[in-house]
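Could you build all of it, start to finish, from the sequences and the hints given here?
In order, the protein sequences belong to chains A and B. Quick note: the first sequence uses our numbering, first residue 1, plus one each step. Quick note: the second sequence uses our numbering, first residue 1, plus one each step.
Don't read these hints as lab results, they were simulated from the structure. Misleading hints may appear alongside valid ones.
Derived pair list, reagent style DSSO-like, types lysine-lysine, alpha-carbon separation capped at 30 Å [stated by the list, open to error]: (1) K26/A <-> K279/A; (2) K273/B <-> K441/A; (3) K273/B <-> K298/A; (4) K422/A <-> K268/B; (5) K439/A <-> K204/B; (6) K228/A <-> K213/A; (7) K204/B <-> K422/A; (8) K8/A <-> K77/B; (9) K422/A <-> K219/B; (10) K279/A <-> K2/B; (11) K226/A <-> K213/A; (12) K219/B <-> K298/A; (13) K26/A <-> K228/A; (14) K113/A <-> K9/A; (15) K273/B <-> K259/B.
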Amino acid sequence: MADKEKTKKFINRLKSRNIVRPMVNKMYAEGVTAANEGRPLAWSMVNWWEGDIVMRAMGVTPVYPENYGTVCASTGMAQKYQAICDAEGFPTHLCGYSRNHIGYAAEMKKLGKIPPDAPLGGMAEPTFMLGSGIACDTRFKWFQALRQYYDVPVWTIDTPSYDHTEDIDSDIHEHNIRHKVKELERFIEFLENLLGKKIDMDLVEDYLENQEKVFQLWWEINELRKAKPCPMHSRDFWTLMVPGYYMTYDKDALNLYHQVYEEVKARTDAGIGAVTPEKYRLMFAELPPWHSLDFFEKLAERGWNFVVESQGYHPPEPMSLKTGDSVLERLTRWTYWVNVGHIRKAKEKNYPLFGPVQYYYNWAREYQVDGFITHSLLSCRTATFWLPHAANILKEELLVPSMNMEGDIVDFTVFDPDLVLKNAEAFEESMDYHRGERKRKGLEW
Amino acid sequence: MKGKYFAGIDIGSTMTKVIIYSEGIRGQVIGPTGPEHRHLANIVMEDALAQARIPFEAVDYVVATGYGRINVPFADKQITEISCHARGVLHFFPNAGTVIDIGGQDAKGIKIANNRVVDFVMNDKCAAGTGRFLEVIAETLGVNIKDMGPLSLKARNKVKISSICTIFAEQEVVSQLSEGIPVEDIIAGLHEAIAGRAFRMASKLKIEGDVVFTGGVAKNTGMVKALESHLGRPVYICREPLITGAMGAALLGKELVEKAMESGKAIKIKERKLTTARVF
Ligand SMILES: Nc1ncnc2c1ncn2[C@@H]1O[C@H](COP(=O)(O)OP(=O)(O)O)[C@@H](O)[C@H]1O
Ligand code: SF4
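Okay, structure coming up:
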């Protein structure tokens with residue numbers, strides 16, 4: 001956050017979350033060490049695990065520029081890197097993550113070494129970059145653009161267009177799985193050629209098993225949050241998602257989620273909430289303002305508990321695995337499932353919505369939320385264009401009102417926390433009104 | 001509540017408005033907020049008290065609202081202008097369903113049902129689409145802001161203003177003037193642009209019920225006409241459209257006191273003195 005004044009604390013944070021910070025530090029330190037020792041280092045887009053497991057099994061250490069964007073935003077360094085990116089001539093309407101990373105890479109190239117003030121020790125020069133076809137075009141175009149600074153191979157794992165209601169058709173689903181498996185096979189071939197060694201599929205399977213356990217626990221933790229009062233705030237979710245997003249192969253991640261589960265379960269059993277009193281239960285879409293997370297304390301002071309959030313960061317819900325699947329099929333099914341599971345679920349009511357909208361529609365009922373806060377990002381279409389649709393559906397069908405805040409994930413200059421706080425008061429009036437309406441119309445909360 | 005006095009003060013970006021209420025409006029004053037007068041909210045309050053012929057100490061409850069509401073040392077409570085506007089509008093128009101408020105520095109849409117704010121939208125990121133925009137252009141055109149409305153009604157061919165940025169729109173207007181386009185056609189074009197923005201903003205709320213237009217810009221007859229043509233229906237305007245926020249503040253204060261009395265609890269009233277407000 002730009003303004004470092006101390007904010008009073010109203011969110012009862014989980015103790016177990018303290019384990020995450022050293023894990024993140026270690027992730028970045030390992031990246032630098034790998035590069036120093038001549039081992040392969042990748043700059044990788046979030047690829048929803050499939051590429052990560054393969055890279056790890058090949059002895060590659062990945063670091064994630066998108067995550068680094070959140071680190072730079074929360075440490076205040078992002079403004080500098082964004083300014084460098086702008087000065088390099090890249091358009092300012094690129095998303096905060098890409099501007100931050102491009103600026104960082106340009107700076108590192110100019111200095112000929114990791115910038116000495118880079119947060120968490122920085123990210124060293126990569127051996128290759130891994131883009132992903134999931135989510136948006138920026139996520140492979142930005143790496144292609146970076147080749148002007150670091151001329152290393154850029155590989156992209158393609159993905160079929162997901163999130164569509166057509167995916168309910170099982171022929172299309174299986175066709176897409178086959179396509180994705182092929183993509184992984186080609187990626188493995190690329191790595192084997194680049195690194196001159198063969199992949200150990202047993203190791204892939206070991207990592208995958210660890211990952212499946214991580215998913216299960218991480219999913220169960222979020223299920224516990226349906227309790228009233230909700231025992232875990234979105235702030236803890238955003239801290240705890242890092243291992244579940246980037247380190248699913250790692251036993252430490254599994255251990256972490258065991259501890260988190262115990263703590264959240266104990267709170268649930270004892271009726272302890274993350275915010276006391278829990279006057280309002282809120283749901284947040286989609287990417288948070290990483291530069292201003294302390295801002296949620298001010299909302300907590302008003303009794304706002306954020307009980308569920310950021311569908312793109314959640315683990316896939318449990319699914320029954322097909323017998324006879326190869327390891328790669330199994331791996332890719334999870335990546336695919338996280339995006340289509342909720343649509344599948346909606347088939348029952350014969351009313352599937354566009355992927356992310358469906359998530360929030362289901363969650364609003366399951367978590368019994370009072371309000372929906374949408375964070376429209378000036379620079380990210382992917383996480384923004386469906387927000388008004390989600391807000392309308394929630395209001396019309398579930399009588400859950402929404403409030404929008406404009407901002408950016410990385411660039412704090414376009415976010416106005418005072419305005420949001422000012423509007424919060426009026427939004428409470430709207431939430432009270434809709435609570436009465438839901439009761440009147442016989443909805444369950 | 002007989003014999004009780006309630007004050008509402010709405011410190012806007014340009015204007016400060018005060019209402020003293022006791023079974024009807026006893027005092028109503030509108031005075032400027034901005035820059036040279038920024039410390040004078042208490043003076044506006046004093047004027048209103050003089051109208052009501054009561055000393056400040058006789059006021060039972062003071063609610064502050066508006067942009068400068070946080071720094072009013074003599075208020076018992078601050079309430080957001082969205083709630084206050086809604087409440088004030090309902091006092092004048094009990095059937096109101098939608099409020100479009102265009103003030104000096106923001107524009108907002110509020111939807112009301114059962115005496116409550118149901119939903120709202122706001123545009124405060126930029127001056128375009130607000131009263132400030134009209135003030136800037138009025139100055140460029142050398143026209144008094146009060147004459148903008150009547151002048152625009154004489155337009156024969158309203159121009160199209162393509163810039164949505166105040167600075168660029170100003171340049172556009174200057175170049176249109178130099179092309180000899182009549183001032184009234186330019187002003188009508190500006191009103192059209194602002195009304196279009198306000199309409200698009202309010203449409204997000206799904207406009208229902210009677211539409212009430214408030215805020216200083218509702219004093220501009222040209223804007224009223226332009227907004228009505230976008231909405232395809234008439235809009236309702238208070239006799240004094242600037243006052244709804246302060247009116248709502250006074251009434252919400254009254255309701256708070258009544259509620260407290262009904263429940264037998266004493267309402268918290270601060271030690272307060274009528275001193276200078278820090279608006280900025
Ligand atoms: N007599 C008038 N005729 C036309 N426009 C007016 C008049 N008085 C005020 N305005 C407009 O109203 C705006 C101020 O509105 P107001 O609701 O008081 O805003 P705020 O609450 O932010 O001070 C001015 O910017 C101006 O454009
Ligand atoms: S999804 Fe949005 S934030 Fe993420 S890389 Fe794409 S544009 Fe940037």
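- prompt: Hey, K273/B versus K441/A, does the alpha-carbon distance stay inside 30 Å?
  reply: violated (48 Å)
message: Hint check: K219/B vs K298/A, CA-CA at most 30 Å. Holds or violated?
response: violated (37 Å)
task: Could you grab the alpha-carbon distance between K422/A and K219/B and see if it respects the 30 Å cut-off?
output: holds (26 Å)
query: Is it true that the CA of K422/A sits at most 30 Å from the CA of K268/B?
result: Holds - the C-alpha atoms of K268/B and K422/A are around 22 Å apart, at most 30 Å.
query: If you draw a straight line from the CA of K26/A to the CA of K228/A, is it 30 Å or shorter?
result: Distance of about 35 Å is beyond 30 Å: violated.
query: Are K273/B and K259/B close enough, with their CA atoms no more than 30 Å apart?
result: holds (25 Å)
query: Given the hint that K226/A pairs with K213/A, does the C-alpha gap stay at or below 30 Å?
result: holds (21 Å)
query: Are the Cα atoms of K439/A and K204/B separated by 30 Å or less?
result: Status holds; Cα separation ~25 Å.
- prompt: For the pair supplied as a hint, K8/A and K77/B, is the alpha-carbon distance within the 30 Å limit?
  reply: With Cα atoms ~22 Å apart, K8/A and K77/B stay inside 30 Å; holds.
message: Check the hint pairing K26/A with K279/A against an upper bound of 30 Å on the C-alpha distance.
response: violated (38 Å)
- prompt: Taken at face value, is the distance from the CA of K9/A to the CA of K113/A at most 30 Å?
  reply: Violated: K113/A and K9/A sit about 39 Å apart, past 30 Å.
query: When you check the alpha-carbon spacing of K228/A and K213/A, does it fall within 30 Å?
result: Satisfied, since the Cα-Cα distance of roughly 26 Å is no more than 30 Å.
Consistency with the previously given hints fails for numbers 1, 2, 10, 12, 13, 14, ordered from lowest to highest.
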